[in-house]
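Chemist: As a plain string of letters, each chain reads:
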Amino acid sequence: MALFSKFANQKFNTMKILVPISNVPDTTTKIAFTNGDTEFNNAGVQFIINPYDEWYALVRALELKEAGKAEKVTVIHVGLADSDATIRKAFALGVDDGVRIDNEGPDAFFVAEQIALFAKENNYDLIMTGKETISYNGSSVGSMIAGFMDLPLISLATKFDLEGNKATIEHDVDGGTQVVECDLPLVVSCAKGMAEQRIPNMKGIMGARTKPLTVVAATGNEKLSNIKSYTLSAGRTTCKMIDENNIDELVHLLHTEAKVI
Amino acid sequence: MILVYTEINKGKVKKASLEAINYGAKIAELTNSSITAIAINADAAQLEEMGKAGAKKIVTVNNESLIGLDSMLLSSTVEQIAKAEGSKIIVFSFDITGKAVAPRLSARLKAGLVAGAVDYPTINGNSLEVSKNVFSGKATAVYSINSDVKIISLLPNSFPVKLGENTATIVDFSGNINLSSTRIVVKEKKSNDVGGMIPLPEAELVVSAGRGMKGPENWGMIEELANQLRATTACSRPVADMHWRPHHEHVGQTGVAIRPNLYIAIGISGAIQHLAGVNGSKTIVVINSDKDAPFFKSADYGILGDAFTIVPKLVESIKKFKANQN
Ligand SMILES: Cc1cc2nc3c(=O)[nH]c(=O)nc-3n(C[C@H](O)[C@H](O)[C@H](O)COP(=O)(O)OP(=O)(O)OC[C@H]3O[C@@H](n4cnc5c(N)ncnc54)[C@H](O)[C@@H]3O)c2cc1C
Ligand SMILES: Nc1ncnc2c1ncn2[C@@H]1O[C@H](COP(=O)(O)O)[C@@H](O)[C@H]1O
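For the protein sequence lines, the chains are A and B, in the order given.
For the first sequence, the residue numbers in this note's numbering are 1 to 261.
For the second sequence, the residue numbers in this note's numbering are 262 to 587.
Bound-form chain B, shown alone (with noise of 0.2 Å):
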C-alpha cells in the first residue's frame, strides 16, 4: 500500500524518480506492503525500467496535456489513484512537481507531509519517522507523521538507484481527468535545455563559477571544465544577479539547493548564502586565489590559485585521465 509518483523526462524516467522508487520498495520490504507506480505518459522501455527499480504495480495514466499544465489536475489524478490503491505512503520526489502537488494532496488527504526527506522512515504502528534538511542544510531534524495517511518526499540524489530483475503488472488508469476544468492557459514555453545538460537539481556533477571569473566572456574555460566532465554548470548570486549567467544557475539559499557527487567552486567567495545550497553536496573542490577565502573552511579539496591559469591545466589533466581510462 506504498504509491509512489514518477516521471519521465527527456525520453527517459527521471534519475528522482527511480530513487523514490527504490525508495518505496524499501518501504514496501519494511512495512511488509505492496508497491505501486504511477507512470505518465510512459513507454514500454520506460515500464520496464520502473519494474526492475522495484515497481511491482504500475498504473498508467496517458495524457499529454497532464504535465506543465495545472497542478490541479495532477494532484486529482494521484488523489483517484491512491483512494483506489488504499495507500497509506504516498512518496513523490522533492522536485519541482512534487513541490507542487504533494502538499496540495496532504491538504485534500489529511495526510501528514514531510518534504524532503533524506533517510529511510523509522515505521512504528501508526507513527513514522524521517529526518529532512533544515535552516538549508545547516541541521537536520526527526520529523514524526501519525495521520492514518502518509506523504513523504524525497530529497534527490539522497540514494544511488539500484536496478534488479523485477517486473511489473501494468495497469491503466481508469479515473477521470477533466482537462476542461482548469482556469490556466499556457501560453509560451521556454526551455532550460543548453546542450543537453543534465538539470542542476538532478546533476551528479556540477561546475560552478563565481564573481572571482571577472565577466561572463571568460566563462568559456568553466563550460569547457563541465563539458570535459559532462557536468552542468551553476554560479554564484551576484554572476546571476549581474546577468553573467541565466538565473537558473543560480543555486545557494536563494537560488537552487542542490547536492551532486562533485561540486567544483571556482572564484566563490563561499558566503554562508551560497553554502547553503551546495554543503550537501559529497565532495566539494575550491579553486580560489585568496587563501582566506571562507569557502576552503567548506571543502574537501582546495587549490589556492589563479583560476585563470587553473582551469585551462585542470582540463588538459581530465583529458589526459580520461584518454587512460579508454
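Bound-form chain A, shown alone (with noise of 0.2 Å):
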C-alpha cells in the first residue's frame, strides 16, 4: 500500500487544483442597499470565503494535496482589492498561492471566461467550485468555466476521490446520487458531504502574510448581465399564535385562510 502510493505521487505530482472562491457577506449579515437601492451596502459588513467554496471545494483540495494526490492548490477570486483580505483567510487554511483577476463581479459570465482563460494558460487540471455564492445563488460559475474549457462538469459532489488521473466522484442527481469516474481534466462544484469545516492553526495564519498573491487585469470586459436594482424581501409582519389545546383551529386556518391544505 505504502509503495503504491508512493509511486501514485512519483507519477502525479505535478497535478495542479484551481479553487474559485468567492468573497460573500456574513451569513449573520443584515442585507441593506444604497444609491437608491441599486448598491449593495457594505458598510460595516464582515466578508468571509463563500462557505461551499471553503468548506467543501478548498478544504478537499486541501486533503487531496496533503495526501500527496495533488502537488499544489491555488485560489481564484475575479473581484476588486476589498477582496484581498478574504483571500489571505484561504492561505492561512493552507492553499500554495493565489490569483485575483482585477475586476468586479458578479456577472457568471464574465468570472467564468476569466477564469477558464486562467486555468486554460496555467494548465490546471482539477478545478473544483462551490456550487453556487450564498450572495448571487447563481450556482452557475463552474457549469460556464467547464463551457469555455470544454471538460465535463460534475455537479453537486458530495464525495471525491482521485487514484492517479482518474477521479471517483459521488454527486446529486435528480431523485438521488450516483458514482461516477472521469479522468482529469474536469470541473467540479462541491457540495456539503466532500470535507470538514477547518479552523486555521497558529502556522497557517502567520505563514498567510507571506504566500504570494498575484493580481493579474481582466482579459475584455465582457459581460452579459447586470443588477439595475434591489429589494429587500417583505418579512412576515404577523405570527398568530394558536393555543395548543385547540390545534383544530390551525387545521382549519390553513385550509380556510392559507388555502394550504
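Bear in mind the hints are in silico, worked out from the structure with no lab data behind them.
Predicted, not measured: the structure shown is a model, and the values here were computed from it.
Yeah, the Cβ is synthetic: ideal placement off N, Cα and C, and Gly gets one too.
Wrong hints could be hidden among the right ones.
Unchecked claim - If you want the footprint, here are the derived chain A segments under chain B, 3+ residues with CB under 8 Å:
no., stretch
1, 117-124
2, 171-177
To be verified - If we take Cβ atoms under 8 Å as the criterion, some of the chain A residues that face chain B in the derived model are:
no., residue
3, 39
4, 139
5, 251
The task is to assemble the complex, starting from two chains supplied on their own in separate frames and drawing on the hints.
Modeler: Have a look at this one:
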C-alpha cells in the first residue's frame, strides 16, 4: 500500500488544483442597499469566503494535496482589492498561492471566462468550485467554466477521490445520488459531504502574510448581465398564535385562510 | 422563438417543467413569437400534457443514456435544437439539470443567463429584465440582459401550473448525440426515493424538524404527520450532521432551498441560515416550546408548546379534517 501511494506521488506530482473562491457577506449579515437601492451596502459588513468554496471545495483540495495526490492548490478570485483579506483567509488554511483578476463581478459569464482563461493558460487539471454563492445564488460559474474549457462538469459533488488521473465522485442527481468515474481534466462543483470545515492553525495564519497573491488585469470586459436594482424581501409581520389545546383551529385556518391544505 | 427544456420524472412531466412551459408560453405571447419545448424520452400522454401546458411544437429526443450521464451531451443537444429553431429566449427550470446545463449553454452561445428567475420578464427591444432572489432569499434583484440569445432558468414553485386545450406539433430531433464522446462512466446509482415522496425542491407541503426532536428515534410522529398531509420531510442542518436524517433532507443556506406552499417547522429555532432556505415558503407554521424562538418572528402561524404532545394532536386533527372532506 505504501509503495503504491509513493508511486502515485511520483507519477502525478505535477497535478495542480484551482479553487475559485467568492467573497460574500457573512451568513448573519443584515442585508441593506444604498444609492437608490442599486448597490449592496457593505458598510460594516463582515466578508467571508463563500462557505461552499471554503468548507467543501478548498478543504477537499487541501486534503488531496496533503495525501500526495496533488502538488499545488491555487485559489482564484475575480474581484476588486477589497477581497484581498478574504483571499488571505484561504492562505491561512494552507493554500499555496492566490490570483485575483482585478475586475468587479458578479456577472457569472465574465467571472467564469476569466477563470477559464487563467486555468487553460496555466494548465490546471482540476477545478473545484463551490456549488453556489450565498450572495448571488447563481449556481452558474462552475458549469460556465466547464463550457468555456470544453471540459466535463460533475455538479453537486458530495465525495471526491483521486487515484492517479482518475477521479471517483459521488454527486447529487435528480431524485438520488450516483457514483461516477472521470479522468482529469475536469470541473467539479462541491456540496456538503466533501469535507469538514477547518479552523486555520497558528502556523497557517503566520504563513498567510508571506504567500504570493498575484493580481492580474482582466482579459476583455464582456459582461452579459447587470443588476438594475434590489428590493428587500418583505418579512412576515404577524404570527398568529394558536393554543396548543385548539389545534383544530390551525387546521381550519390552513384550509380556509392560508388555503394550503 | 422561445425554447423550453423539460424533463420526465417517475412517469410524469415534472411539475417544474410544466411551470417552465407555462412561463415560456407567456413570454411567447408577450413577444408575439412561437414556443417549442424539448422532450426527452417522453411518451404520448406526456407529450399531450406538455401541449396542454402551452407548447406549440415539441422536439422529441429519445435516448435513454442522455439524462444523468453527462450534462455536456445534454447541453450540446439543446444547443443544436436552439440553433435549428433560431431560439432567442431559452427557458430552463432552476433545478439540478438546469443548473448544470443552462450555464454551459450560456458560455457556448454567449447568451446572458438569469439563474433562478421568480417573475415574468419585461422585454424592451433587445433588453430583457427579470427578478431573481439574491442573498439567499433576503432580497430580490432586477437583472438585465442584452445579449442576442437569452437564457432564463425559472425557480420552481414560482407560479401555479395551468393546463389548457392546446395540442402540440411533434417532431423528432434530427441532430447528433455522440454518446461515445463522454469521459464520464456511471458506476452506481442510488435513489433517495422514500415511499414515493415528492422530492423536496418540488414539494408543495413540507414537514421539517430540528434538534428539538431530541433524537432520530422520535421521527415517527414527524413521518406520520408528513404522511397524513402527503408532505415531504425535511430537517435542520445539525439533524443531518448528526445523521439523524439523510443529508438530502437538510434545508437552509447550506442545504436545499425550498419554497413550498406550506412549511411546518417543528423544534427548529429559526437561525438565519435555516431561514435563508425556507423563507420563500408561502405559509410557515412553527411549533416550538420556547416563546422566544426566533422562528416565531418569521412564521404565519405559531403553536407554543411541547412538540411531543402537539404533533400527535395535529395528526389527529388532520385525520378528522380529511374525514370531513370526503
Ligand atoms: C455558515 C452556516 C451555514 C448554516 N447553514 C444551515 C442550513 O443550511 N440549515 C440549517 O438548518 N442550519 C444551518 N446552520 C446552522 C444554524 O445556525 C443553526 O445552528 C441550526 O439551524 C439550528 O438547528 P435547530 O434549530 O434544529 O437546533 P437548535 O438551534 O438547537 O433549536 C432547537 C429548537 O427546538 C426547540 N425545542 C426543544 N425541545 C422542544 C420540544 N420538546 N418541543 C418543541 N420545540 C422544542 C428549542 O426551543 C429550539 O428552538 C448554518 C450555520 C452556519 C454558521
Ligand atoms: N467572483 C468570483 N471569483 C471566483 N470564483 C467565483 C466567483 N463567483 C463565483 N465563483 C465560484 O463559482 C461558484 C458558483 O458561484 P455562483 O455561480 O455565483 O453561484 C462559487 O461557489 C465559487 O466557487
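Chemist: Could you run down the list of hints and mark each one as holding or not?
Modeler: Against the structure, the hints:
no. : hint    : in the structure
1   : 117-124 : violated (count 0)
2   : 171-177 : holds (count 6)
3   : 39      : violated, 11 Å
4   : 139     : holds, 4 Å
5   : 251     : holds, 5 Å
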